[in-house]
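Trainee: Here's the letter readout for the chains.
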Amino acid sequence: MSDCIVVTSGKGGVGKTTTTANLGVALALGGARVAVVDADIGLRNLDVILGLENRIVYDLVHVLEGECRLKQALIRDKRADGLFLLPAAQTRDKNAVTPAQMREITSKLKEDFDYVLVDCPAGIEQGFKNAVAGADRAIIVTTPEVSAIRDADRIIGMVEAAELPEPQLIINRFRAKMVSSGDMMNREDILEILAIPLLGVVPDHEEIIISANRGIPVSFDENSLVGEAFRRVARRITGEPDVPMLDLTNGNGVWATLKRWVGWAPAQGVAG
Amino acid sequence: MKELINRFFARDRAASKEEAKQRLKFLLIHDQVDLTPVQLDAMREEIMEVIKRYVEVDDAKTEFRLERGDKEVALVSSIPVRRVVTRAVSA
Chain A
1 MSDCIVVTSG KGGVGKTTTT ANLGVALALG GARVAVVDAD IGLRNLDVIL
51 GLENRIVYDL VHVLEGECRL KQALIRDKRA DGLFLLPAAQ TRDKNAVTPA
101 QMREITSKLK EDFDYVLVDC PAGIEQGFKN AVAGADRAII VTTPEVSAIR
151 DADRIIGMVE AAELPEPQLI INRFRAKMVS SGDMMNREDI LEILAIPLLG
201 VVPDHEEIII SANRGIPVSF DENSLVGEAF RRVARRITGE PDVPMLDLTN
251 GNGVWATLKR WVGWAPAQGV AG
Chain B
1 MKELINRFFA RDRAASKEEA KQRLKFLLIH DQVDLTPVQL DAMREEIMEV
51 IKRYVEVDDA KTEFRLERGD KEVALVSSIP VRRVVTRAVS A
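Chains as they are written, first to last, in my numbering: chain A, 1 to 272; chain B, 1 to 91.
Hints listed in this document are in silico derivations from the structure and should not be mistaken for laboratory results. Fair warning: there could be bad hints in the mix.
[Said to hold, decoys possible] Some chain B residues near chain A, calculated using beta-carbon distances under 8 angstroms: (1) Arg23; (2) Leu28; (3) Glu67; (4) Pro80; (5) Arg82.
[What the hints assert, rightly or not] Residues of chain B clear of chain A, computed beta-carbon distances all greater than 12 angstroms: (6) Ser16; (7) Ala20; (8) Lys21; (9) Asp31; (10) Leu35; (11) Ala42; (12) Met48; (13) Asp70; (14) Val84.
All figures in this text were calculated on a predicted structure; none of them were measured in a lab. Ideal Cβ placement from N, Cα and C applies to all residues, glycine included.
Model the full structure from these sequences, guided by the hints.
Mentor: Here it is in structure tokens:
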């Protein structure tokens, strides 16, 4: 049974594309066949995050306009078996696609793939409507900031209005240090406000910028904490029960070391 | 321990996340009902004007705010009454 999941947020810059790329990689490494679809027509970036930008010949709009077959436009990621990218057109805009066409494309992809992940553009206009059109469910990406959570709340309402099931949440750019000093909203604070199920918490780390520089998603890196966060989210997406939350506490500082040494553990750990 | 130390240094400044949370809750309520804080103030003043024609209220303890429930936003108000101003209302 295959599943089309739209990754959305309302606000731009919270990490939708990074999340889509990493979940695509993690799901594929877990053995699933995955198509990641860039629905950000005119401002494509999923190709760059995945490091596949030099291999684009055809894109989603070419497929819709009958210039090529769907299979010709799909770029196979040689690093992960079963992972394919359907790039967006860069020289067109959101109006080049209709929701009906997106439904058609995603349902065709679902015939061949276990998971179809749609990277939604920022905003609530045509691009959003196209991206959610073919989706069976939605993942909301937010960061622990007032502006991102406000927009996430708005998008949750729009996902419900689109008659999709209750969306699930990924909290991105989480900084355990700031949370423990009271300068960042924690998991409970955010869940209290957004009131949707949590799929995972992804720590903020400079690795993400390096991986974007290189076009190699961190989910490929077995030693990366951020990669592990995405891999756990991917496992939860597949329905694996009881995937433990990742310990995001800064474990190498002086205090953490001292705490371990005296055997003192925080009453309320910071976990993702 | 780290928390204690942090708290010690941050004693005279409230954790900014609380501020974020409060602002966010306020924002979401006003987004949802599409009523600006200015409009809410104006509504409160008009309502209070009417109430004060009948009873004397404790202004300092009066609460008047929007609250977010599961599905809808409620107008929640608590207006302590000191005494009745007049009974000469009829006719």
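Trainee: Next step is simple, just say for each hint if it's right about the structure.
Mentor: Going down the list of hints, with the structure as the test:
1. Arg23: 6 angstroms, holds
2. Leu28: At 5 angstroms from the nearest chain A Cβ, Leu28 of chain B passes the 8 angstroms test, so the hint holds.
3. Glu67: 13 angstroms, violated
4. Pro80: Check failed: Cβ of Pro80 of chain B comes no nearer than 29 angstroms to chain A, outside 8 angstroms.
5. Arg82: Hint on Arg82 of chain B: violated, closest Cβ of chain A at ~36 angstroms, above 8 angstroms.
6. Ser16: Check fails; 5 angstroms does not lie beyond 12 angstroms.
7. Ala20: 5 angstroms, violated
8. Lys21: 6 angstroms, violated
9. Asp31: Violated, since 7 angstroms does not exceed 12 angstroms.
10. Leu35: 16 angstroms, holds
11. Ala42: 24 angstroms, holds
12. Met48: 30 angstroms, holds
13. Asp70: 8 angstroms, violated
14. Val84: Non-interface label stands for Val84 of chain B: nearest chain A Cβ at 41 angstroms, farther than 12 angstroms.
Hints 3, 4, 5, 6, 7, 8, 9 and 13 from the earlier list are contradicted by this structure; the remaining hints agree with it.
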